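Novice: Chain residues, written in single-letter form:
Protein chains: 2
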Amino acid sequence: MDRRNILTLIGASSLMAACQETSSDAASGDQNPEINWRLITSWPKNFPGIGQAPEDVARMVSEMTNGKFKIKVYGAGEMAPALGVFDNVSSGAAHMGHSAAYYWKGKLAAAPFFTGVPFGMNAREMHAWIQEGGGQALWEELYAPYGVLPLAGGNTGVQMGGWFNKPIESLEDLQGLKMRIPGIAGEIWNKAGGTSVMLPGGEIFQALEKGTIDATEWLGPANDLAFGLPQIAKYYYMPGWHEPGSMLEFSINKKAFEALPSHYQFILKIACQSVADKMLNFYTAANAKALETIKSNPNVEIRQFPSVVLDKLYQMTQEVLSEMAASSDDVKKVYDSYTSFQKQAQAYNRVSEEAYYRVRTAIESIETDI
Amino acid sequence: MDRRNILTLIGASSLMAACQETSSDAASGDQNPEINWRLITSWPKNFPGIGQAPEDVARMVSEMTNGKFKIKVYGAGEMAPALGVFDNVSSGAAHMGHSAAYYWKGKLAAAPFFTGVPFGMNAREMHAWIQEGGGQALWEELYAPYGVLPLAGGNTGVQMGGWFNKPIESLEDLQGLKMRIPGIAGEIWNKAGGTSVMLPGGEIFQALEKGTIDATEWLGPANDLAFGLPQIAKYYYMPGWHEPGSMLEFSINKKAFEALPSHYQFILKIACQSVADKMLNFYTAANAKALETIKSNPNVEIRQFPSVVLDKLYQMTQEVLSEMAASSDDVKKVYDSYTSFQKQAQAYNRVSEEAYYRVRTAIESIETDI
Chain A
0 MDRRNILTLI
10 GASSLMAACQ
20 ETSSDAASGD
30 QNPEINWRLI
40 TSWPKNFPGI
50 GQAPEDVARM
60 VSEMTNGKFK
70 IKVYGAGEMA
80 PALGVFDNVS
90 SGAAHMGHSA
100 AYYWKGKLAA
110 APFFTGVPFG
120 MNAREMHAWI
130 QEGGGQALWE
140 ELYAPYGVLP
150 LAGGNTGVQM
160 GGWFNKPIES
170 LEDLQGLKMR
180 IPGIAGEIWN
190 KAGGTSVMLP
200 GGEIFQALEK
210 GTIDATEWLG
220 PANDLAFGLP
230 QIAKYYYMPG
240 WHEPGSMLEF
250 SINKKAFEAL
260 PSHYQFILKI
270 ACQSVADKML
280 NFYTAANAKA
290 LETIKSNPNV
300 EIRQFPSVVL
310 DKLYQMTQEV
320 LSEMAASSDD
330 VKKVYDSYTS
340 FQKQAQAYNR
350 VSEEAYYRVR
360 TAIESIETDI
Chain B
0 MDRRNILTLI
10 GASSLMAACQ
20 ETSSDAASGD
30 QNPEINWRLI
40 TSWPKNFPGI
50 GQAPEDVARM
60 VSEMTNGKFK
70 IKVYGAGEMA
80 PALGVFDNVS
90 SGAAHMGHSA
100 AYYWKGKLAA
110 APFFTGVPFG
120 MNAREMHAWI
130 QEGGGQALWE
140 ELYAPYGVLP
150 LAGGNTGVQM
160 GGWFNKPIES
170 LEDLQGLKMR
180 IPGIAGEIWN
190 KAGGTSVMLP
200 GGEIFQALEK
210 GTIDATEWLG
220 PANDLAFGLP
230 QIAKYYYMPG
240 WHEPGSMLEF
250 SINKKAFEAL
260 PSHYQFILKI
270 ACQSVADKML
280 NFYTAANAKA
290 LETIKSNPNV
300 EIRQFPSVVL
310 DKLYQMTQEV
320 LSEMAASSDD
330 VKKVYDSYTS
340 FQKQAQAYNR
350 VSEEAYYRVR
360 TAIESIETDI
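Taken in sequence, the protein lines are chains A and B.
Read in numbering that gives the first Met the number 0, the first sequence has 37 at position 38, and its numbers run on one by one without any break.
Read in numbering that gives the first Met the number 0, the second sequence has 275 at position 276, and its numbers run on one by one without any break.
Take these hints with a grain of salt, some might be off.
If chains are identical, the list can't say which one is meant, so a pair holds when it fits in one copy or spans any two.
[To be verified] Derived EDC-like pairs (lysine to aspartate or glutamate); straight-line CA-CA distance at most 16 angstroms:
1) 177 with 86
2) 165 with 363
3) 342 with 291
4) 233 with 168
5) 209 with 86
It is worth saying that the hints were derived from the structure and are not from the lab.
On a predicted model such as this, the values are computed, not experimentally measured, just so you know.
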């Protein structure tokens, strides 16, 4: 995902004024006061999939309050920089944000676990951990000192492993390979011998076309196709070991939230939860359709990473996660909760959803080019 | 699931009166009128998992309307019989129901596709078809002549294949085997040589203990454990080929819905959608925990059905579904939409979620007793 697109941050004072106004409205005794919120995001305005979630929540909240509670959505750079979401929600400059927790790793070392980690939980396991496994409480505890309330904000599902301009058949093929791959996954890539490169989404196509990079990950078939990646790279690798179910986040300024009438608070929270199902539905359908188009391109080959490469990446992942857990008691607590829930949920999926996928595919013996 | 528990149907007149009252309230000019609805279900009151969805929706709708829109939930038999939900919502005797579409197969031959069919779509594929693949429009069209609006009402995820008191190693082992397995799956079971038996949930334990039946399916580890099934059967089979992602349904009386202020309509619909994520989260966590308990029982063995048995069940499934599709143009239309969406979504999952499960399990080489 695009991590830069950093424009000027607008002055916080006018937004703070809006926030104060909200509070006094709510206290005035009108049970259904008019409220106006500003929601900042890390995505270009109306970006397909992930960028639709804040638009959906704004629309739903307005519909459910008869137009009384309005949320205006700002794309990255319109009011705050793409990576300024957390800070601006924390300060109260914006009432609410939509982004991904792993962007706040520099400030909060445990944050990546609330988006997802390499070889970690998929969408279904992740959401179950947040709701039923203690994840939500740990997430709230992590953000509490900043006056921010986090909520799950949709999920991309398993991403694709990325586009490569040469086949990956051994560990040697990884050595020095320049791949656009951000965050923890980038660190792991480097430990395995590759060279991770950080580039905003908008610069990927040109960099890969010119050979400045040898490979790139982006999101999945729908977003990858929209970026034109099948035109410039031959090998489309799976699975997305590095992002097995990236959960987005809504962040809400706590003071602004507490100033809302309680039924508005419920409306906001329930609108956010309804997005979880909605975004996965969108990605399942849009990615399935886009994959058909990608497969019909004779210049593209879909391949699975060889097991020797996946083994190495897995070992390096365990090293990086262990180092993170050892870095502080706060991270250790989240790491322990995450990994123990994953172990239990994974054992269940092995006899249910995973077993069903395996059996269905074996029985149907569908021809496939992979 | 329990399909009987049939008690007397209460007179519709008092409920119709409540419905009228609702309508006149809404028309009175008060933007936030007091509304009282009755919701009937096919489940015992507060049944874990599936029975929680209507309680959740009732609570959320009340919270979001400041207590103005109240929905009272009735368990099976309290106001209408377990399988009387559709008819009583259609007549207006109840404003709303929570059940599963495949129970209305006798009236509407295409209905089972809106719950799920053997070897069909899993939860994620199913919800994507409903939201993005034209499923919702077909479902509404099917129910329109009855004045009923259907909405997705949560999903159990992949169920388990069932409990058997002897191992299934060949097709011969299936012959005459008496299994409690309802609906289309029961027909398929019979075609493969078995004998399907219909029993309400509450009678399963005794029937299996006494040897009146040789096997039973129920739901998944959490509900199966609560029923005591590990105490009386040795073999726990996977995967649940017969129910790969059973979607529940909310049914709403259209006239009652149209009489609501539009923001109440949105509140109701969005509360229903938020349940989709919530129920899967519950089942993932509860089933994972229950499976650990089941595995720690030395008398239970978890096994996968042999491929010769699954192949046969798959062939019989195709026969039954083809016969259904040939029975009328209405069924054919739904069948075509369902199967073509499944084909596309399945091809995508094969390179994303399914590939990830496969790779993660292979790498971790976790010891397992299956």
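Novice: If a hint holds in the structure, say so; if it doesn't, say that too.
Specialist: Against the structure, the hints come out as follows:
1. When the C-alpha separation of residue 177 and residue 86 is checked against a cutoff of 16 angstroms, the pair qualifies neither within a copy, at 32 angstroms, nor between copies, at 63 angstroms.
2. In this assembly of identical chains, residue 165 and residue 363 lie within 16 angstroms of each other by CA distance neither inside one copy nor across copies; the values are 31 angstroms within and 27 angstroms between.
3. For the homomeric pair residue 342 and residue 291, the shortest alpha-carbon distance between copies (11 angstroms) is at most 16 angstroms, but the shortest distance inside one copy (34 angstroms) is not.
4. Taking the shortest alpha-carbon separations for residue 233 and residue 168, only the intra-copy value of 14 angstroms comes in at or below 16 angstroms, while the best inter-copy value is 45 angstroms.
5. Taking the closest pair of Cα atoms, residue 209 and residue 86 never come within 16 angstroms of each other, the shortest separation being 36 angstroms inside a single copy and 65 angstroms across copies.
Of the numbered hints listed earlier, those contradicted by the structure are 1, 2 and 5.
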